[in-house]
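Order-wise, the sequence lines are chains C and Y. Under my numbering, the residues of the first sequence are numbered 530 to 965, in order. Under my numbering, the residues of the second sequence are numbered 530 to 965, in order.
Treat the hints as calculated values from the structure; they're not laboratory data. Just so you know, not all the hints are guaranteed correct.
It does not matter which identical chain is meant; a pair holds if it fits inside one copy or across any two.
[Said to hold, decoys possible] In silico DSSO-like links for lysine-lysine, alpha-carbon gap of 27 Å or less:
(1) Lys-932 <-> Lys-681
(2) Lys-907 <-> Lys-681
(3) Lys-894 <-> Lys-568
(4) Lys-779 <-> Lys-572
(5) Lys-730 <-> Lys-894
(6) Lys-907 <-> Lys-938
(7) Lys-622 <-> Lys-681
(8) Lys-884 <-> Lys-572
(9) Lys-558 <-> Lys-894
(10) Lys-932 <-> Lys-568
(11) Lys-622 <-> Lys-907
Computed from a prediction, not measured in an experiment: that's the story for all the values here.
Number of protein chains: 2
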Amino acid sequence: MSKDQKRFFLTEAEIPTQWYNIQADMKNKPQPILHPKTKEELKAEDLFPMFSQECSRQELDQTNAWIDIPEPVRELYKNYRCTPLVRATGLEKALGTPAHIYFKNESVSPVGSHKLNSALAQAYYCQQEGITNITTETGAGQWGTAVSYAAKVFGLEAAVYQVKISYEQKPYRRSLMQMFGAQVIASPSMSTRAGKDILTKDPNNQGSLGTAISEAIELAESTPNCKYVLGSVMSHVTLHQTIIGLEAEKQMALAGEYPDIVVACFGGGSNFGGIAFPFMRHNILEGKQTRFIAAEPASCPKLTQGEFRYDFGDVAGHTPLLPMFSLGHDFMPANIHAGGLRYHGAGVIASQLLKDGLMEAVDIKQLESFQAGVLFAKAEGIVPAPESCHAIAATIREAQKCKETGEQKVILFNLSGHGLIDMTAYDNYLAGNLHD
Amino acid sequence: MSKDQKRFFLTEAEIPTQWYNIQADMKNKPQPILHPKTKEELKAEDLFPMFSQECSRQELDQTNAWIDIPEPVRELYKNYRCTPLVRATGLEKALGTPAHIYFKNESVSPVGSHKLNSALAQAYYCQQEGITNITTETGAGQWGTAVSYAAKVFGLEAAVYQVKISYEQKPYRRSLMQMFGAQVIASPSMSTRAGKDILTKDPNNQGSLGTAISEAIELAESTPNCKYVLGSVMSHVTLHQTIIGLEAEKQMALAGEYPDIVVACFGGGSNFGGIAFPFMRHNILEGKQTRFIAAEPASCPKLTQGEFRYDFGDVAGHTPLLPMFSLGHDFMPANIHAGGLRYHGAGVIASQLLKDGLMEAVDIKQLESFQAGVLFAKAEGIVPAPESCHAIAATIREAQKCKETGEQKVILFNLSGHGLIDMTAYDNYLAGNLHD
């Protein structure tokens, strides 16, 4: 056991007071988002019917590198931030690697994941703009839980459409959302036209993220003072997540190190951008050579095998057209346990950065991800979310390369959430019932 | 929302390096523990067959107020300690109380509760003494999880006898223990004589803590290099838990306050003693007037309705005779969700302190405990363990008294664990299916 310091914290006064908007510093800006019907460049006003006005403006802001975090959001961040930066000495020892491995532990948030960083911001802006109701979809449930809690804090009503099969298979997630006061509806439901259409054709339909999104958007558009909130993909969501990397940068300085490699799992890109972009600005502005690795599931390989093109964000094709790496908006990924990574496209910022060679991507098979997760749990005592297991697997690959070469690289990864509410997945893995 | 500081941490250098043994400072020492057969005063050597030698000595130490925490245990504490001291501003606001409420958040440990503080110490001493196997019982599963993880860290084999009904009803707990590498056996089992006797008479027996203890002790006694480890009641377990209060004392100083009231839930007394005893020493030695409140379940009211007498620690009557408040070692509490509080007796130290008026006790009904837990979850975002809900309920009672009198008392309680793996209990509560 090392006598080195294990965990690093900032004081409340040291917690960053602004988010970092990498769009302002990118040499090649993301290509414009297009209106789905007119195909013209989208303006912030075009997003107002769906999102809060402030989030709509943040979405398209390519000018301001630093955005103030509103005071009430900063106060709520204090409930769980700064999150620990941890030297993974147990994992290093288990691997026998000379690499120094650090992880940022976002699992300590009240809802168990990084998702709260943006849910609080989005709920706050809605409340400020006189919105009374918010709605969203959730698959695995991490985002739905964050929205339920954020709504409660700001006195908003939340309606969460949860994919029916998850609603039934993950009752603990549903209970958690209900405890925070949210209305949780199994999707497809009879509460929307989209849901009714599906159920009248197929009464046993088990739901999908695509259907749940359609129901949530329909509810938002048909309800006064109701907005739709989204947990990833969009640039404003990633902006809110940069608090992760900005804290980590200061904490790494406390540890006296700077990362050679930054790793995060990748669904829509918000936890990846959250930890990576603050460090990437030093690559862009000062010529640092840090590598950034996005770890995606092999079953949904938009970064490693997708095509860079304009595509819709949802299955039904109702969203604006986004310039992104995509497997096609009608791509149906296999039903892996990392539900948060089952998305066909990548956010527009990460897509541009990948195109320009500023970041890399690797794909991880399901068994490798759980193998990594169990090794990490035994070594560090924390059960990672199935999504986070992908980041751990990619980290282990790099640490093992260091073992071969003898290089003492510094690797930082984001532990985006814990897996305590996903133990069924581990059960299946440990029983040998999971397959790639 | 308050602009006051919300959370308080110590640096690693400030984490206490010794545990506090209140026995040394008590004016009336606990009465001697007696040998179950000879009824003579127990010596440390009499405990060696069951526990590690070092824990046996700590158990009976009435001389040394400060016991060094071994360096390897301190290193492992760093993985999650110091735990946050949190000002419960959300709860204060929800109650509209002038009281200042703080909680020590032990739920952030890798296994989700304070139990790890002692499991690590006990596993370490076993390893140092050449022990290769440890065994224990678990009901709700918090202790079994801590033992599984601690055994893994120190390279020991762990066998956990889990009460059969919990084994079947709480599969997530079982998975967690198995992930850490423990063998988990539903009790009663065919692996011991005690288990076989029960199963041949009653093949459908659902198990009890008493049966699981009998099986674990039998395994320890019949296996070379195997010791039994215990999660509460015994004085050495409480000793290890004093890290909670010792940290909290320094953290309260950072907050510029000192508690008027300290509250914890009470099963066998280890989390209560852990947070209370370090503060209580200032009552004993310097005449401070802090109140200490143990919150027990109304269904198992040993402190408020039990009798102070010599009694066995287990149902079968195999343990030494302990001078304690007890409901009788054959008392069968109702099957409440706070499994960790379903124990018939109180540790000998707390029993003596209660007898001498140095602490108080209140009993809390199940519905009041869950009502408090849900209020806390909504206000602070953390789902408390059903056990911890009792401490929250007692805290709320005191905070409401402050509201009536206008007194700005400082209340500190211990959040002994999270309830993320006990959501079934909350489900039942929210659905109106729980009764007192």
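Quick rundown of the hints versus the structure:
1. Lys-932 <-> Lys-681: between (48 Å within a copy, 24 Å between copies)
2. Lys-907 <-> Lys-681: Classified as between; 7 Å across copies, 35 Å inside a copy.
3. Lys-894 <-> Lys-568: neither (37 Å within a copy, 63 Å between copies)
4. Lys-779 <-> Lys-572: Intra 35 Å, inter 53 Å, cutoff 27 Å: neither.
5. Lys-730 <-> Lys-894: Cα proximity of Lys-730 and Lys-894: none, with 35 Å in one copy and 49 Å across.
6. Lys-907 <-> Lys-938: within (23 Å within a copy, 43 Å between copies)
7. Lys-622 <-> Lys-681: between (42 Å within a copy, 14 Å between copies)
8. Lys-884 <-> Lys-572: within (24 Å within a copy, 73 Å between copies)
9. Lys-558 <-> Lys-894: The answer is neither: 32 Å in one copy and 61 Å across copies each exceed 27 Å.
10. Lys-932 <-> Lys-568: neither (51 Å within a copy, 60 Å between copies)
11. Lys-622 <-> Lys-907: Within one copy only: 12 Å inside a chain, 40 Å across chains, cut-off 27 Å.
When the structure is compared with the earlier hints, violations turn up for hints 3, 4, 5, 9 and 10 and for no others.
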